[in-house]
Structure formats: C-alpha cells, structure tokens
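Just so you know, the protein sequences line up as chains G and S, in that order.
Counting in the working numbering, the first sequence runs from 1 upward without gaps.
Counting in the working numbering, the second sequence runs from 1001 upward without gaps.
Read the hints as simulated data drawn from the structure, not as lab findings.
All C-beta atoms in this analysis are idealised placements derived from N, C-alpha and C, irrespective of residue type, glycine included.
Take the hints with a grain of salt, since some may be wrong.
Stated by the list, open to error - Output of the computed footprint for chain G on chain S, the stretches with three or more beta carbons under 8 Å from beta carbons of chain G:
#: 1; stretch: 1040-1048
#: 2; stretch: 1217-1224
#: 3; stretch: 1243-1253
#: 4; stretch: 1256-1270
What the hints assert, rightly or not - Some chain S residues close to chain G (C-beta under 10 Å, calculated; not the full set):
#: 5; residue: T1053
#: 6; residue: I1214
#: 7; residue: W1227
#: 8; residue: L1228
#: 9; residue: E1275
#: 10; residue: Y1278
#: 11; residue: P1279
#: 12; residue: A1280
#: 13; residue: G1281
#: 14; residue: K1314
#: 15; residue: N1318
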Amino acid sequence: MTEVLFFIEVVVAGLLAGTMYSLVALGFVLIYKASSTFNFAQGAMVFFAVLAFVGFMELGLPFSLAFVVTVLLMVLVGFCTERMVLNPLMNQSEDTLLMATIGLGFVLEGLAQAAWGVEVRRLDLGIGDFPIEWIIDVFGLFVSALDLTAGIVAAVLIIGLALIFKYTRMGLGLRAVADDPGAASSIGIPLKNIMLLVWSAAGVVALVAGMMWGARAGVQFALVDLALKALPVLIIGGFSSIPGAIIGGLIIGATEKVLEVYVGPFFGGAIEGWAPYVLAIFFLLYRPEGLFGEKIIRRV
Amino acid sequence: MFLKNLKNCLVGSVAVAAGALSMFATPQIAFGEEKQYFPIASSRVGPYSAMGTGYYGAQIDYMNYVNMNGGVNGVMLTWQECETEYNAVKTVECYQRLLEKDGQRIVVFDTLGTPGAYAVINRMAEDNVVLAQYGYGRTDGADGRVWPWVFNAASHYWSQIAVKMKFMAEQEGGIDKMKGKKIVHLHIDSAYGREPLPAMRSIANDWGVELVEISIPPPGLEQQSQWLQIRKEQPDWVTFWGAGSGMNSTAMTNAARVRFPRERMMYVTFGAAEEDMYPAGDAAVGTYAVANALPGAEYPLVAAIKEQVYDVGKGNLNDESRVGSVYWNRGLGAAVMWIEALKNAQEMHNKVGKAVTGAEFRDGYEALNMTEARLAEIGIGGMVAPFSISCANHEGAGKFAVMQWDGEKFNQVTGWEAPLDPAYIRQLVEDSAAKFAAENNITPKVCP
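Could you build the full structure based on these sequences and the hints that come with them?
Pasting the structure below:
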C-alpha cells in the first residue's frame, strides 16, 4: 500500500465519519434555528429514539412499523417538551433554556434505561459494515457499505430539510421565528406549532442518526456522548446553518483522522478526542459565527 | 388540566418508584441480628452498565443467597449501593458515602475499575479497608509487603498479558517463532489501558517482538484512525484493552472493515463478555478472550442461586438469562471471596457469629486458600482457578483460561494457564512495588 493511497484512505474514512457527526449535528441546528438554544439533550434524544426503536422491534413490531411508532413517540417527546419545558419558560433567557435542556437530557436518559433496560442491543439494518468489494478492486480503498449509506442518508436529509426551510410556508415561519419571535407572533405565526414541529423534526433526525450509529456500534448508552462530537462540528459550520452541519462534519471528520494518524503518535495517540476542539477554538477566535452561521452584531 | 394531571401522575410515579427501589436497595434484617456491612460501588447506568449490572448484580444475589441460608455463621449481610458510572471521581465520592453506615464501617471495597482503584488506593491503609481488585487494578498491589491492604486475587493484568503472549507463542509454534513478529496493543487511553504495558514491553523485548501501542479516546465508538494504522502496520496479533460495550464491539466491527482476522485478536477480561460480543454480530466470530471466571449456568452454586433467589422473585437482574454470563459469574467469584474471607476472619479472631473489623477481615482475606476441593464444595469448581494468598503474594493463581467467541457463546479453548515464567512476572511486580515504596518512604512489611 503506497503512502499516497493510505493518505487518501485516511481522508475518505474521515469524510465518511464526518457525515455521521453531521447527522447528530443536524438535530442541534434545527432547534438552534428556532429558539437560539443549544439543545444539550440532543445526544440523549439520539439514545432515547434508537433504544425505543429497537425496543419496539423486540416487542415484535416489524421494522417499518417500529420506525413509524418511534417517529410518533419522538413527536410526543417534542409535544411534551414544548408544553412542559419550553412553554413555561417562554420569554426566559437563553441560559435558562440551555439549563432546561440539560435537565431534559437526564430525564430522557433515565426514561430510556428505565423503560428498555441497560443491555447493549444489536441493530441490523441489513447493510453490512464491511468493505465494498468493487471499491477495493478499482481504487484499492476499504470503504464500508454502512459508512457510504450513512453519507447518502445524511446528504438526503440535509438537502430535504434545506428545501423545506427555504421553499415552504412552514420554513418561512420558522425563519421568521428565528429572526424575531415577538414580531413573528404579532403577525400571526403560531410559535407553539413551530416549536412543536422543530422539536419533532429534531427527534426524527435523532432517530435516523441513532439508527446509523446503532448499526455501527450497537444501541447503547455511549451514544449519548455523540453530542460531544457534534459540538465542534457546529462551531465550525455555524449553529444555525443546515449546510454548515455537513461541511463542519466533513472538516472535523477528515481533520481528526489525519491528525490522529500522522500527528497522534508524537503525542501518545488518542488526540482525536480533543483535536477537533482545538480546531474549533481557532474558529471561535477568528470566525466565531462559523463558516455558514449568521454574524450577530449587538449594540453595546 | 390534562397536563397538570399528567405532571402529577409522573411525579407520583417517580416517588412511588423511588420508595420501592429504596426498599430493595438494602436487605431486610431483623432487629438484634448480628450484621456485616458491605459496599456496592456499582455502575448500573452509562456506557459501562452491562459490566456493572452483571458483576454487582451477582454480588447482591450471592449475599441474598447467603442470608437466605442463615448468613455467615449467623451474621447477616447488609449492603448499600452507590452509583459510580465507572467514573474515578464518583468512585471516591461513593467510597466516602459508603464508608460507614449505622455505626459500622466497610471492611472491603471493590471498584470494578482500575481508574477508580487508583483513585482510592491510598485511603485503604488509613481507613482499614481491603481493596479487592478482582483481576483488575494496580498490579504491584500484588506485593503484600508494600500494599498490605490491596489484593489482586486471583490474578492481575501482568499475568493476563503474559498468558496471552504465551498463547500467541503456542499458536505461532514456540517462543523462537515470535522473534520478528509484530503485536499491536490497542487500548483505551486511560490508566487501565496502559496497565499491562510494563510487563508486555519487557516480554516483547526479551522475545524480539515488535510492540506497537495505539490508544483510543473513550468512549471509542469511532476507531477508524486506529484501525487504519493497524492496517498499515500489518501486525501478527492485536491485544485489545478496551472498556465498555461500545468500544469493545466497535473494535471488532472495525477489524472486519480492514479485514483483520478476528482469530488474531485477544480481548481483555473486561471486553470478554457476551454483552461486548453481541452488538458486533458476525464481526465478533473467532475473537479470542481470556477469563478469570468462566461463564456457565451449570455450576451448582449458580443453579442454587437461580432456584433459591430468582425463582422466588428476589433476583437482582431483570433478565435472568444473564445469570451465568461472564460478568455475572465474575461478580459471583468476587463475592465468594468476600464471604470466605469473612469466615476466615471470624475463625481466626474467635468471632464466629460476630461481625469483624477491617483489620480482621484483611487477615481473613490474606488467609484465603481456595483449593479445588473447597471450590467444589462451594459449588464453583472449575469456574475459577484454585488459588491461595499469602502475606507477600496478594495475587493468588495468576491463571486465565482462553475462550473463543462462536457467534452465540464463548467456548473454552485452554485450561487454566499461568504465564510461561511466573517468577519473571513476580519479579516485575516486586521491582515496581519496591520503587513505589522507595519513592514514598514506605518500609515494606516483613513476611514470615
């Protein structure tokens, strides 16, 4: 294996891993766009959603029905969150909402484990996590079918959501709420419905992300920690940008893999845990709004 | 109104559940009965829950079983749980919280984690508490002259890696065939992951083996960088030292991605459980692992616990099928040692039928002599290797059995194997302990 080919393989692996991070980051972006709140519960939502999905399948539901029931469950979670958490905290500071999402995360983690148990589950999506033969034959690269599928799913989700937010009345309403909730409400845009919609959409995105990660690493509590992988992605891509989530994911994925393989050995390895944060700090210093985020200018 | 009712209903349910749980959290002991209190520093939630629920579940099941059969010479066992989430900081917090209860102090502490063990190890002598590291923890704690309160019984990580390297040598056709071979030690980036390295480096150096160390940041759901490096290194063997089912199963799926043969991977004891293998599916088939307590529900004690504890609905695990699994049997092995040590302590200090102190329990632990006959009498003959502990040697057997995963279960492929040269490993332990003693002005105890 030549050095060049190995380097390409490292970058490709990083880009594909990055799309997996993007899937998680997307849920954060949706909620941030609507409420300017960083949803600390997103990792817990990923865990909650996929554990419920697997749990329903264990109860005997077929794959498609389990998916539909879990989507409905995530809508219910969105409804409960809007009514029990967001509505009572309406007009409170962003910090208050942030703390509320931390609490929500603990509740979801606890509920999921109480309802379905703590055992690690296997999730078989019918897509093998094995290298694709023809890519090996043609390019000499080992690319997993599951990773490639995750990349396609992430791309479809991102394009779909971007189109919805840009060209539909719902998307217009969402953008209006994000710009100025008070003004949006005064012209008749139903804030509650928008919030419900966004939290439900974030729940569905969490389910999809959880399914891809669960198929790869098992359905288990460690999925909660995926939120930590999404944070630098958001800082780089911008908290409010859907395309930013995928670009940020790709940058983080490729950078962390290259750094781990080529720089990691000089530091004793395992630098990919913190290297993305170093990169994120540089962005915070020189481009705090991220690559695609909105530049916020406040009067002081 | 509906939402208000729902809220009240939820709050009420949580309160009832908490009340019910608190009833089950501590055993019901009649007033006036002699009691011995044990701490359960469990890890039931979080990434390491599969390990914690099985291990500590077995300890509670066994203590329930002992109580149902009259206690230890009439002394009933009590316990209290504290959740550590396998976190060293929380382990220290739990240690402090569990240290005393109803005027009685704990006599033993089991962190089920090397980071946690390192965090509390210096408190043991001061508090008169035995640190029971059942096959994990600080390895040079096996030198009882420097660490009188620390035990690695019945094996530690340096013996474990030596047994693995012996197995590799056997597979390759002898030690002379190991020269020029390459082993990657793939490990979690923590004290636990690095613990076997001193012995591994030393043996590799002696045998002419090239050792490559690659670390994984926790929780380890993403290991592509590490496995790409392994693909580039083209090692002959990989020793995997991970923690948590996520990291453990991901390693196997990533091995499959780069087509590294699972028959060339050897898993650490804390990755060698059914819960670590299932999530990886077919990718796990062929993986080798070692055990200090073999799985299986056919052992008489396991069967008795199922009958007397689970059949009357007092079992600690929700899923009874996990009784007899790797982690559950390991917890049982650890709990059996506590109770045997307690019996020894009562007899040695003329306190049969009475609770013992930490110092007395320590003496009982150091007097453990788990012969094949005694293990069979208890009902775990063959489940663990026979061993005895002495004043200087706090390790015991130092033996492991190699198992291989077939997709459904582990199959034992060797008997109880000791390192090729146990004296060599013991010397490494003594050297390390002596260095620690010198650095900390400790005068080693003189053993008879």
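Now for the hints, and whether the structure bears them out:
For the stretch 1040-1048 of chain S, the stated coverage by chain G is satisfied: 4 residues place a CB nearer than 8 Å to a CB of that chain, which reaches the threshold of 3. Counting residues of the stretch 1217-1224 of chain S whose CB lies closer than 8 Å to any CB of chain G gives 7, so the stated coverage by that chain holds, three being the minimum. Residues of the stretch 1243-1253 of chain S lying with their CB closer than 8 Å to a CB of chain G number 7, which satisfies the three-residue condition for coverage. Coverage of a stretch by a chain is defined here by at least three residues with a beta carbon nearer than 8 Å to that chain's beta carbons; for the stretch 1256-1270 of chain S and chain G the count is 4, and the condition holds.
Hint status for S/T1053: holds, given a least beta-carbon distance of 6 Å to chain G, under 10 Å. Restraint check, S/I1214 versus chain G: the minimum CB separation of about 6 Å is within 10 Å; hint holds. At about 9 Å, the closest approach between the beta carbon of S/W1227 and any beta carbon in chain G falls short of 10 Å, and the interface hint on this residue holds. Interface restraint check for S/L1228: the shortest CB-CB distance to chain G comes to about 6 Å, inside 10 Å, so the restraint holds.
At about 5 Å, the closest approach between the beta carbon of S/E1275 and any beta carbon in chain G falls short of 10 Å, and the interface hint on this residue holds. Annotation: S/Y1278 was flagged as interfacial toward chain G, and the flag holds, the nearest CB pair being 5 Å apart, inside 10 Å. Taking 10 Å as the C-beta contact cut-off toward chain G, the hint placing S/P1279 at the interface holds, the least distance being around 3 Å. The beta carbon of S/A1280 comes within 7 Å of a beta carbon in chain G, closer than 10 Å, and the hint placing it at the interface holds.
The interface hint given for S/G1281 is met, as the beta carbon of that residue sits about 6 Å from the closest beta carbon of chain G, less than 10 Å. Hint status for S/K1314: violated, given a least beta-carbon distance of 19 Å to chain G, over 10 Å. Interface restraint check for S/N1318: the shortest CB-CB distance to chain G comes to about 6 Å, inside 10 Å, so the restraint holds.
Hint violations for this structure: number 14 only, all remaining hints satisfied.
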